[in-house]
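Make the full structure from the sequences, and use the hints.
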Amino acid sequence: MSAKDVKHSVAGAAPEVSKEQKLHMLRQMISIRRFEEEVKRLYCAGVITGAIHLYVGQEAVAVGACACLRDDDYATSGHRPHGHCLAKVFDLKRTMAEMLGRETGLSRGRGGSMHQFDKAKGFLGGNGIVGGGVGIALGAAFASKYRGTDQVTVCFFSDGASNQGVVHEAMNIAALWKLPVIWLCENNQIAATTTVAKSTCTPDIAPRAEAYCIPWAICDGNDVLEVYRTVGEAVARARRGEGSTFIECKTYRLEPHCGIIADERPKEELALWRSPKKDCIKRFEAVLVREKVCTPEETETMHQQVEQDLADAVEFARKSPFPAPETLYDNVWSK
Amino acid sequence: MRKLTYAAAICEAQCEEMARDDRVFVVGEDVDISGGVYKLTCGIREKFGEKRLIGTPISEEAFCGLAVGAAMAGLRPIVEIMYIDFILMAMDPVVNQMAKVQFMSGGQFRMPVVIRAQAGAGTAEAAQHSQSFEAWFSHTPGFKVCMPATVYDAKGLLKSAIRDDNPVLVIENRVLFFDEEEVPEGEWTVPLGKADVAREGKDITLVATGIMRRKALAAAKALERQVSVEVIDPRTIVPLDIETILGSVGKTGRLLVVHESPTRNGIGAEIVRRVVAEGFDYLNGPPKVLAGADTPIPFSSTLEKAALPQEETITRAVKEMVGA
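If you read the sequences in order, they're chains A and B.
First residue of the first sequence: 1, per my numbering; consecutive thereafter.
First residue of the second sequence: 1, per my numbering; consecutive thereafter.
No lab work stands behind these hints, which were simulated from the structure alone.
Among the hints, erroneous ones may be present.
Partial list, computed: chain A residues near chain B (C-beta under 7 Å) [claimed, not checked]: (1) S107; (2) G111; (3) H115; (4) K119; (5) I129; (6) G132; (7) G135; (8) I136; (9) L138; (10) A140; (11) V166; (12) E169; (13) V332; (14) S334.
Quick reminder that beta carbons are idealized off the backbone N, C-alpha and C, glycines included.
Pasting the structure below:
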């Protein structure tokens, strides 16, 4: 394939989305939103320690993408992994327990906010290093091809990570060896406190894929069904053995870095992205009501169910034991 | 018995383990072309094909990251780093990811990755092709580190490393690649964490790593009419077989550690620390370290020789310590 043959869109026939799938997606999005808000509350109260990087505003990306995956597919994430972890694993209790550093957490309290893993559901971790998941995703995709399975890997990374050298190295190898990996660049328009305009020489990141003959697309990352359709097409290509795809989801991080560190984004911009016109959850709810998938009352009921799930998760986490100090050396090495 | 070179032993170990376990594959720069630059992957392509012997672009960070992800997905990668100096391009996947995933994931994932990297000076390749990093990686929790110095150990340690579920850095030495030794037929393994008493003696213990084993043995032979030198090759730096070293110091009362890598904060300092802490009463005098100069490795042969412990400097240090 030469660069000329690369299609600028991977969109094709949209896979059908059932009513149940749509409601499940909405529930996951609300769960992530409320999980993050609760994490911030617990962090400010000193119950959660360390650093937290909140996913508020970006829920449609993780949920739309993970809805295309099976449990035996793989996903990697970065330092803002709660949303990806919940979308892939969807275990509020064990994820919250990890946030509180408890033995019942996904990583037995050894990882915390940035290092949630779930082997059974193919979640290969958050990552404290921006770009650290990129090579790991390449390896998971390599393993699928090596074994001859149709598993795929989604590598969630950000506009910030896109400027790390390993992205270039990994895209070259993925294209060269036709590995089943979807490079999912979540352009939330800011890295820590530096905007894309100050960090990146072009407004769009996805066209870089063209240099590697990797098909690419840019989609509205706050439209969960558009994310689902775009990633779904890329997943289908990867399962057919046609290799890698690069998708840039344009979205917006509504919280400051670490939940508390000030940046210089205009207040009007934040207000716009929080408005029903832009907010991914409000938008999806409006679509579902308009399409008569559910009523406003039913979405309200769903919000209440999520509140209960979250309360149960926090209670589970708070009641769980901390790791015993004598287990400090567990798994430094395997026996 | 038969004759085998150090390089051939490395090839043989990989072929045997690849036949034993189809999850094992080799990845690295030039490994698939005529057995690689240093001929350390000969015979693999013929037996197992290019699916399991993967030549890469010059992208150390990506292919070391690939090894991490492939291991998490159930494979058992062997990564060849052509010169250990190049591993610095991959410090994130190697140190931040590979060494920590088992721990950070609460033990969900295993990390059965072998990094084979050749290291060391002595071939006039200057400061960026001659380094020794065993201290760096020994300092990173999560790794095992070994330094085979004989043909027998090159094969046996590598086979153990491939079977281990942890990341193991196997530091090979190119000066030794064409050394030939008598070795047994067939298969053998050498356990990680077991030192080798290379020569028995009663007056002083020389702990010598990697290629320094050879120089220490030469010094011991040169001194044999005056001093009885015991030479111990730890073989594995992490985990360290401190019992064998303490047992020897208990017998000789004197310890000299010899290594090629720079002296400051080196593994010699760590071995001396352990012996002082756990065997102080055995010592008849201060334990010492004779190691590489705290300089980058120079190009010119006079300087390169001066930067490294040599048979003569070891001999002199031993004489001083025993008062011979």
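To see whether the hints hold, each was checked on the structure:
1. S107: With a closest approach of 4 Å, the S107 of chain A hint holds.
2. G111: 5 Å, holds
3. H115: 4 Å, holds
4. K119: 4 Å, holds
5. I129: Given a least distance of 5 Å, the restraint on I129 of chain A holds.
6. G132: Hint holds; G132 of chain A Cβ to chain B Cβ min 6 Å, cut 7 Å.
7. G135: Hint on G135 of chain A: holds, closest Cβ of chain B at ~1 Å, below 7 Å.
8. I136: 4 Å, holds
9. L138: 5 Å, holds
10. A140: 4 Å, holds
11. V166: Since chain B brings a Cβ to about 5 Å from V166 of chain A, closer than 7 Å, the hint holds.
12. E169: 4 Å, holds
13. V332: 5 Å, holds
14. S334: Status holds, d = 4 Å.
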